[in-house]
Amino acid sequence: MKASAGGYARAESVRHALDLLAGSDGQGRVLAGGQSLVAAMNMRLSVGDLLVDISKISELSGIAVEGDTLRIGALTRHAQVGTDPQVQAHAPLLKDAVAHIAHAAIRNRGTIGGALAHADPAAEFPACTLALGATMHAEGPDGSRSIAVEDFFEEVFTTALNEDEILTGITLPIAEAGEMQILEEVARRSGDYALVGLCLAKRAAGHRVALFSVGPKPVLAMGAMAALDAGDLDAAVDALSAEIDPPSDTQASAAYRRHLGGVLLRRAVARLKGDAA
Amino acid sequence: MTEMFRDKVDVSLTVNGEPVEARVPAGQHMIDFLRLELGLTGAHASCEHGVCGACTIRVDDDAVRGCLMLAAQADGTEVWTIEGLTDTNAIRDLQEAFVVRNALQCGFCTPGMLVAAEELLSKGGTPSRAEIREHLSGNYCRCTGYEAIIDAVESVAQGRAGKGKA
Amino acid sequence: MTIPFNNPDRPNSYIGKTVPRPNAAKLVQGRGRYVDDIVLPRMLHVAFSRSTVAHAKIGTIDLEEAKAVKGVVRIFTGADLAEVCSPWVAVLAHLKGLKSPPQHPLAVDRACWVGEPVVAVVATTRAAAEEAASMVIVDFEELPAVTDTMTALDKDAPVIHPDLGDNLAFRRLHEAGDVDAAFETAHKVVSASFRTARHTGVTLEPRSILVDWNPAEGQMTAYHATQAPHMMQTVFAKHLDIPESRVRVICGDVGGSYGIKVHVYPDEVATAAMAKVMGRPIKFIADRLESYTTDIHARDHEIEAKIAVDADGKILAMDVDDWTGIGPYSVYPRTSAIEGNQVVNLCGGPYDFANYRAQTSVVFQNKTPTCQYRAVGHPIAVAITEGLVDMAAAAIGMDPVEIRRRNMYADDAYPATSPANMKFESLSHHASMDKLTEMMDYDALRADQTEARKQGKYRGIGIASFIELTNPSPFMYGIGGARISAQDGCTVRMDPDGSVVALSGVTEQGQGTEAMLSQVVAEGVGVDPSNVRVITGDTQVTPYGGGTWASRGAGIGGEAALQAARALRASILEVAAAMLQADAGRLDIRDGQVVDMDSGEERMPLAELGRIVYFRGDTLPKDLPRELVQTRHFITMEYPFAFTNGVQASYLEVDTDTGVVTLLKHWCVEDCGRVINPQLVDEQIRGGIVQGLGGALYEEIHYDEDGQLLNGSMADYLVPMAAEMPDMQVGHVETPTKESELGAKGAGEAGTAGAPAAVMNAINDALRPLGAQVTEMPFTPERILRALGKLQD
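Residue numbers (the UniProt record's numbering), protein chains in the order written: chain A, 1 to 277; chain B, 1 to 166; chain C, 1 to 793.
Hints were generated in silico from the structure; no laboratory data involved. One should not assume that every hint holds.
To be verified - As a list, the in silico DSS-like pairs of lysine-lysine whose alpha-carbon atoms are at most 25 Å apart:
no., chain 1, residue 1, chain 2, residue 2
1, C, K155, C, K96
2, C, K70, B, K8
3, C, K155, C, K57
4, C, K188, C, K314
5, B, K8, A, K56
6, C, K435, C, K17
7, C, K306, C, K188
8, C, K454, A, K273
9, B, K8, C, K67
10, C, K454, C, K790
11, C, K99, C, K155
12, C, K790, C, K17
13, C, K790, C, K457
14, C, K306, A, K273
15, A, K273, A, K202
16, C, K306, C, K457
17, B, K123, A, K95
18, C, K314, C, K457
Said to hold, decoys possible - If you want the ones that stay clear, here's a sample from chain A, every Cβ over 10 Å from chain B, calculated:
no., residue
19, G7
20, D19
21, L20
22, K56
23, S61
24, V65
25, G67
26, D96
27, H137
28, I147
29, E154
30, E163
31, D232
32, S248
33, V263
The C-beta atom is built at its ideal place from N, Cα and C for all residues, glycine as well.
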């Protein structure tokens, strides 16, 4: 299991990284924390990549509150997201998510931007950003652009980012007073990808529910959200069941995952109401 | 390949306190670099896809998977392996506790397990058994059933906190 | 003179005490020396191009692109190696009817499972070898594949090896008593279907071998991560046509084995063959992906079984129909029929009943070969037996502990012969059960369970009694013609400074063999264990022996060491008696000193005796024997196997909404005879339990119907990790075997044997009020919810 990389270049800045990508003849691959990419390379699922290592670009790391938004740099590591007081205060869902992401050593290297750009449908962060209504910020040869999270995740491992673009960070609306954010998931073992996971945010304007590990991309459960807003949990569970089309694999069938989505929704709502999960 | 990319990469780092300069293949991971180039065979390559933790080493004060970090990315870092941690007596109490409690059998996971455990212990306090289990949940041991490892780490935490013998 | 084991205050009382492992310190310092740590001059690396399909005729092989890869030195095909390595056939004469075709190190003509090695690429680095192997183009002309065990013998199923006639590798039917009559007249009959999943060992150190051939000396040296160095010496010698004396197998530190590393693997033999052809050292380290498709699998069984009981819960009869698929070849040289055979031998094991029928059907299929893996057959037999016993108890409204007490062999009933014809020297089922129920406070736990249920929590208690086969005699393999040694030897010598070296044929795989041997030798000679240097795993220097399997290290290797040590003690005392002009029978050796036996007065340090013997032999009487080195070999003679026994309990909680099982606690009481090192025995039990828990909750190799392995990575084949595992309380009853002075039986597999059944019974205990039951392992969240009827497809 020895990786076969086509080449490597260390980017000194975002501009430099974009130049490297532009010069890679389509073989460029952005290397951030490497916790998914290097594994894929070792397994020879990805061969001959020209690696653009952005991990040393300090401007892409960090967490800041800017008015009523929380900005998180793409290279901010999971471990930092999990312990940062501003994340705790303004986007507690992300902090809770970190505890479920793999294991300590992975969280020390993995980055939030890497996780979002990788777009693994079983990962926590994509669904979290969907539940929280994040905005993705990308830099490309023609400058920067923002992408609404609803438009960002397209397919398994596929996002709206162009090949010559780099995800530089995300912004999130900071939690309102009284907002509640809850993450529920079931995994076979601690740190495993969830069989199904569910993010629930309750805001003055209503509920937001996003699920992961239920299809090729994270799903915003609009029907369930509307039913919850109407105060009908049973209808929300039914709606949820109808609006996800989960996969079957060696860990669980679609039927199990669909059932579990409903269980997790009930548990999340119970926690909203202060009941023990 | 365009000239902007290199298939051999120059790196300069410190390993176990000693400066190292090397030219590494672009796709080589840290564990192969440490084992094949530097002869540091304490950390092991086992799954090479980031699941088992046998390759866990310390990079810039963090426990990381040696198989999920390219040697090319190690430029400018400070790396510690079980060899250096042993030579400097940095984790002697933990190593002794592992021996006394027989918290290892075949020993293949042990160097990685020790680095992971030390990261938890270095945060101070006396973690609960559940917290120890959770922290070590990314380090796979097929021999012990884990309980002896948890016992050993718990005893060191208590020892360092002055609450019992390590 | 015998050792008064019952007196813990006797001199040199190291046997029975926890002493540290001499090899642990180096392992925590990263100073272990595993095969992959070894680098030899001019060393090359091999990677294999493997079959990507389950069954195919091998057409043209295109090596052009692969040869062009920088670093490639040579490429071998099956035809190339067939010229230098003879094929093997894995059958045993005493397993009547067992058949298997000849197997080559690289596939010739046909590939029969996904992962079978087809082409070997030798290169200067593993990376180059892998790169080139990925460019080997083999034209696989696909043949129909057999993947389902239960239909492998159907008339329309393709026959994998036409020369063998059908896909039946082995079938054995055993019958005792009048089974049909017992079922017809029974008060209650309970039947169930069980399934145990296909497992693999997942040793953290992958399979590893480095072979060097010195043509000038005609000498092969293999550094091999193996459990059985002498067996491998024989295999390399036989199939590569080298005298056994010219094959040296060195087994240094081994990163876990559990039965995985006791078999002959084609890619490892290929490595040796290529080293011989090239005259250069070649290293093969299996990577994790090839481990999943090539390490042996095990436990892929489907079973229909039933039990008959009377109104008092007395077992009247058991009937078991076991089927297993073993892949396309029986694995050399132990064969792949043993596991099914063990199921027949072990079902019903703890219980005194008369009417027993069991049949195993072992079929070929196009999947990875299966073979012996920790606790061979035991977890399957225990799950069948204990599952049925619990179901019977529930059917007649009896407590699970009570029904076992009514059926287990009485502790004074031995010697006894089971309905499966297993001979028991002396077991302790009742004492073990008493100790278990006391340790776990059974009644309090039942109260807790009741209380939890009032709060809507479904907790369950599961009990599993078991027997375990250890210390095998030649009845296991040797009588069938396999060159697998059931005896083992130990050489113990005293060096001039009075320190002692012990060379043993059993091997260290991390279980603590070297610590055990150091204790035994220390007590046998009369020195501190720290003064005993133990050497294992080198066929050129250690006495011939079987190595590590079937929990034989302590019972066989330990006894050989004890006898060798006692013989050295006698030699030392004979010399000392001459020097001191004393009666050897009145002298003893204690803590490295020759002493007066009665008074304990020190007469001479061993270092002084060593100085005289080795450097001033002129001062000793001319005819005085002066060999301060003794070798003894040991083999069991009276019983084919030394059975042990024990009982486990699991306490757990089932989340009936998600199907997730949370293990709360686990207990085990076992009787391995003399406990030599309590800590090491406890840790063997704990490690074994967790391996069993893996089988109960997580481990399952999945194939699709075309024979493609679907979850061959560590991320997808789940094994137990720290967060989910419970704390385990271990207790012992000691019934030493009288076959040896040491009295030790094996302890390495008891944990794995009983844990899955205990968990199954606990889950079913939790689910019983809901009318649900699971019998198909692993007990995934989904299977539990399906049993509860909560899923709609």
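Hints the structure fails to honour: Result: hints 12, 14, 16, 18, 19, 20, 21, 22 break, sorted rising.
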